[in-house]
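Protein chains in written order, with the numbering used here: chain A, 1 to 178; chain B, 1001 to 1340.
Hints are computed from structural coordinates only; laboratory data are not their basis.
Below, a list of computed lysine-lysine pairs in the DSS-like style, where the Cα atoms sit at most 25 Å apart: (1) A:37 <-> B:1041; (2) A:68 <-> A:79; (3) A:68 <-> A:56; (4) A:160 <-> A:68; (5) A:56 <-> B:1041; (6) B:1152 <-> B:1073.
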Amino acid sequence: MTPYDVSDDVIEVMRSPARGSAAGAYRTFGETLRGLKTTLARVVEGPVTIQYPEEKTPVYPRFRGRHKLHRFEDTGLEKCVGCSLCAAACPADCIRVVAAENTPENRISAGERYAAVYEINLSRCIFCGYCEVACPFDAITMGHDYEMSDYTRSDLIFTKEMLLAEAIERTPLRREGE
Amino acid sequence: MMITLADVNYFEPWWVQIIKALVIFAVIFAILPILIVYERKLLGRFQARYGPNRVGPFGVLQPLAEIVKFAMKEPFRPTTSVGYLFRIAPMIAIITAVAALAIIPWGDVQHIFGQQVGLYGIDVSIGPLYVFALAGISFYGIMLGGWSSGSKYSFLGSMRGAAQLISYEVSQGLSILGVIITAQTLSLTGIVHAQEGMWFFIPQFAGFLIFLTASFAETNRAPFDLIEADTELVGGYFTEYGGTPFVAYLFAEYANMIVVSAMAVTIFFGGWLLPFGIDPPGWVDPFVVLAKIVLVFSFFIWIRATLPRLRYDQLMSFGWKILLPLATLNLVVTAIIVAS
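If we strip away everything but chain A, and leave its shape as in the complex, we get:
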């Protein structure tokens, strides 16, 4: 085995010209012109700003926004059976479920029980989507709405009626392949 030749992998390093030399001044001048070209190119390209309240960035279909609760489309019964698995899965502990028994006269969900109280405190929610994963009946899903600011904290506690209501589609959805 031949000993390692140090000169084998010596790479020529491009060094900048010495400070204060004519070459340095030439380079500085050239780099200044290059910088001016870079900034002027930004003017030609135009702004990349999205004027938020008027224009919105489209969200992806899997975007995790505000939650939605669902009903069966044919029977109109709620999908949620009040099992509290979502509340158990929630790392931020923002879901509160109080279950009650369905009776033949008062049938609300398809299962044995239903959620008498279903509240999500959106000021605590971290939009991780674990509730959606935990739900055995796909009763809760994440919607696309992210504009939820409000004036009081108590307004951010969404009740079952608010979550069941048809969500206002304020956010444009990104089309396939966009």
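Following the hints, complete the assembly by docking chain B onto the known chain A.
Chain B in isolation, oriented as in the chain A frame:
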């Protein structure tokens, strides 16, 4: 016997002088806020964003809203400050800036209603020296403002300002001497008339570059904005100022930029003259000058958007070791060419 320090060419009656002064003042102070919003919008474009566009159509009312905001602010000063100097300093800054506006030649002598009216505030035979003198006084506005604030940041900013203004004024003065030698006059209108064949930025290109660089330093613009240096000195000499005194400093800075741009236009870009033998009627002259000023001003903004701020020792060594020898060399070469 009275010694004449400088000839001032008056051929208008006194009331025309007063009207001219008022018109120049009013026009410049109408242009200043527009220039400020123009700078912010153009700077935004250089950074691929819009800039202010919410107040009024295209955001043009933004400076108005800000002036109202500043005017409503409570006047206050730090307990360590020196009261009367703290109040006087912004006044010095704005007075010198406004006084320097008088010398900008906006056009040639015109006949208006049978009167001979020169479209400039005054035409003095010392021309650029008048501007340099006022720039020398305006440094007191910065120095006193920073010192009387009783704040470390303000003091550092004003100390830097003092050193910077003195260093770069030398190069700025020397850089235009080449033009003055060629034109054989110090009167700014005379310099413009001397450019009827060719604008001076072609034969005096080196002088023009030096003048431009020194002007950035003189007006505390990026990349020489070490006086303000918001990342290290909070705001420099006007850190402790708020409300209308702050606006006074701001307007003084922008008025100084107008003066410097106008000096560049007058000395190097032929003032109200147009190239290719175009000779419009006299009333167009001020608009030609204004358009040229805005172009030079846009270049200021372009530089601001591009170059990062220099370190302080770089600023000093650049001014004394590079700019000053270059300006001297330019002067000597021009003098030899003109003399031979």
